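**Student:** If you're matching them up, the sequences are chains A and B in order. Residue numbering for the first sequence follows this note's numbering, starting at 1 and increasing by one per position. Residue numbering for the second sequence follows this note's numbering, starting at 1 and increasing by one per position.
Any given hint might turn out to be false.
It does not matter which identical chain is meant; a pair holds if it fits inside one copy or across any two.
As the list claims (entries may be wrong) - SDA-like mimics (lysine to any residue), calculated; alpha carbons at most 25 Å apart, straight line:
hint : residue 1 : residue 2
1    : K99       : D127
2    : K99       : Q285
3    : K284      : D237
4    : K284      : D30
5    : K191      : D31
6    : K99       : G271
7    : K191      : S147
8    : K99       : K191
In short, the hints are calculated from the structure, not lab data. Every value quoted in this text rests on a predicted model; they were computed, and no experiment measured them.
There are 2 protein chains.
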Amino acid sequence: MRLRQSIPLNRVADEMPDHPFDTAVALTRDDAGRYHGSAPQAYWNMAGPFGGTTAAALLRAALSDQPEGIEPVALTVNYCAALAPGAFAIDVRTARAGKSVRHVGVEMWQGDGIVATASVVLALRRDTWAHQVATMPEVPPSDAVASLPTDGRLPWLQRYDFRFVRGPWRPQTQAYDTLQSAHSTLWVSDKPPRPLDFLSLAALCDVFFVRAFHVRGTMVPAGTVTMTVHFHASTADLAAQGAAPVLGTVDAHTFSRNFGDQIAQVWGRNGRLLATTTQMTWFKQ
Amino acid sequence: MRLRQSIPLNRVADEMPDHPFDTAVALTRDDAGRYHGSAPQAYWNMAGPFGGTTAAALLRAALSDQPEGIEPVALTVNYCAALAPGAFAIDVRTARAGKSVRHVGVEMWQGDGIVATASVVLALRRDTWAHQVATMPEVPPSDAVASLPTDGRLPWLQRYDFRFVRGPWRPQTQAYDTLQSAHSTLWVSDKPPRPLDFLSLAALCDVFFVRAFHVRGTMVPAGTVTMTVHFHASTADLAAQGAAPVLGTVDAHTFSRNFGDQIAQVWGRNGRLLATTTQMTWFKQ
Numbered sequence: 001m002r003l004r005q006s007i008p009l010n011r012v013a014d015e016m017p018d019h020p021f022d023t024a025v026a027l028t029r030d031d032a033g034r035y036h037g038s039a040p041q042a043y044w045n046m047a048g049p050f051g052g053t054t055a056a057a058l059l060r061a062a063l064s065d066q067p068e069g070i071e072p073v074a075l076t077v078n079y080c081a082a083l084a085p086g087a088f089a090i091d092v093r094t095a096r097a098g099k100s101v102r103h104v105g106v107e108m109w110q111g112d113g114i115v116a117t118a119s120v121v122l123a124l125r126r127d128t129w130a131h132q133v134a135t136m137p138e139v140p141p142s143d144a145v146a147s148l149p150t151d152g153r154l155p156w157l158q159r160y161d162f163r164f165v166r167g168p169w170r171p172q173t174q175a176y177d178t179l180q181s182a183h184s185t186l187w188v189s190d191k192p193p194r195p196l197d198f199l200s201l202a203a204l205c206d207v208f209f210v211r212a213f214h215v216r217g218t219m220v221p222a223g224t225v226t227m228t229v230h231f232h233a234s235t236a237d238l239a240a241q242g243a244a245p246v247l248g249t250v251d252a253h254t255f256s257r258n259f260g261d262q263i264a265q266v267w268g269r270n271g272r273l274l275a276t277t278t279q280m281t282w283f284k285q
Numbered sequence: 001m002r003l004r005q006s007i008p009l010n011r012v013a014d015e016m017p018d019h020p021f022d023t024a025v026a027l028t029r030d031d032a033g034r035y036h037g038s039a040p041q042a043y044w045n046m047a048g049p050f051g052g053t054t055a056a057a058l059l060r061a062a063l064s065d066q067p068e069g070i071e072p073v074a075l076t077v078n079y080c081a082a083l084a085p086g087a088f089a090i091d092v093r094t095a096r097a098g099k100s101v102r103h104v105g106v107e108m109w110q111g112d113g114i115v116a117t118a119s120v121v122l123a124l125r126r127d128t129w130a131h132q133v134a135t136m137p138e139v140p141p142s143d144a145v146a147s148l149p150t151d152g153r154l155p156w157l158q159r160y161d162f163r164f165v166r167g168p169w170r171p172q173t174q175a176y177d178t179l180q181s182a183h184s185t186l187w188v189s190d191k192p193p194r195p196l197d198f199l200s201l202a203a204l205c206d207v208f209f210v211r212a213f214h215v216r217g218t219m220v221p222a223g224t225v226t227m228t229v230h231f232h233a234s235t236a237d238l239a240a241q242g243a244a245p246v247l248g249t250v251d252a253h254t255f256s257r258n259f260g261d262q263i264a265q266v267w268g269r270n271g272r273l274l275a276t277t278t279q280m281t282w283f284k285q
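Please take these sequences and the hints and turn them into a complete structure.
**Tutor:** Structure, rendered in structure tokens:
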């Protein structure tokens, strides 16, 4: 069974059936209820695919076969091993299904090993009082900011349009003597443009370059070990966003003993906060 | 088998065998490898125990039976249902055990239902370059700040010494017309004092009063559905902290449609960042 049309996400890919993101998160379900997909070459990073598409595939599996109207509230993905090229399988298990909140556990397998796990909180959310405390920074519009050239670079970099407002990635030949700020502000969008949905929003939470590279100025072996996404956008917010770029603000608290953290906010039209995300990233030295 | 002395945490409770926190996280392991504990009456909240001790019990199970020197890097706890008084069981499963990083999944059961799940990233961390970007705010010392009176209040409140520097919880008879800041800064310590370890640090990440109460001024049915903790402290940092109060800084990004988030930092001696934490909290209306 192809899932593209069958799962209750807010947006299906009819209008752009060949967008590489839709191919990356395409899943089939076998008779035993197991999901199957393939590590996306179009989003390849140094070792294995970009973590954002892995997160999105895990979320897609968790969102399938759920009641109408259910939306993701939180997602934690643990990256256990680099994905190899080729097939993966995903097992989904409901830990608890309450009246309005559901807890789902997800595992991604290649061969006989787990390559990623996720826990997902889903809910039927209702209108309540609302209060957005955080405010989007004032920045120039995306079309006033230059795109990062990505032609000929890693495949996953070519799948996004990055427009750095502050804190661009400027590779150095040697590490900085004085470690730098971990902050970046950037406009980001799928390339080619694609209407935002919960899956691509989850993936966008992992597009921020490794903060350890920014503070040191040089690249070192590094990888996200765990990422948490909190979804604040409604299905209606995503529809209003469409394919317009989102603004990402990203920083870190600290780096020590092989791990650095990352915290980021993803902002949409009219300064609406769509998602917040944190991660812990391993670095070698 | 009693686990109090047998698991490789950085600190055992020999010096204070009867501290209520040690009782709350005490586990036994049966011959099938399943852990058993009891929902702690001493930390009871409105419905079920304080989520911090649940997090700590899950972390304790994940940390048991691990190689010498292993430390927690990240913990995500999903609160699936309120714990009932009485026994719980914990199942631990290693998703992946790499050379230096391990991924562990944990489930807490009562009867035939899952009441909480957790994923834990553990690592053998080595010395690397370090860079604490975030700085602890300037605040008066803890002994210059008044303690929140907690006598006769909910049991879990009586287990901590809260000293609010900014943003105290001031219950109102009616919700504020203009919603308020979600920020608080407070000194917190176990009551009676207890040397900090990874378990109590995890629990401290959940001591911040529900931010929805702060911004609205009134209490509503509410509860944490998921909490993520990133551990920045080393075992040596915890030893240096001892039983001194930690400083918590806490805020939120946004509240909408039944959920608000929370982000907090836990600071130790000399402004050392010990942990950062985020959560999504459900509220009724």
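**Student:** Broken hints, numbered, in rising order?
**Tutor:** Of the numbered hints given earlier, those the structure breaks are 4, 5, 6, 8, listed in rising order.
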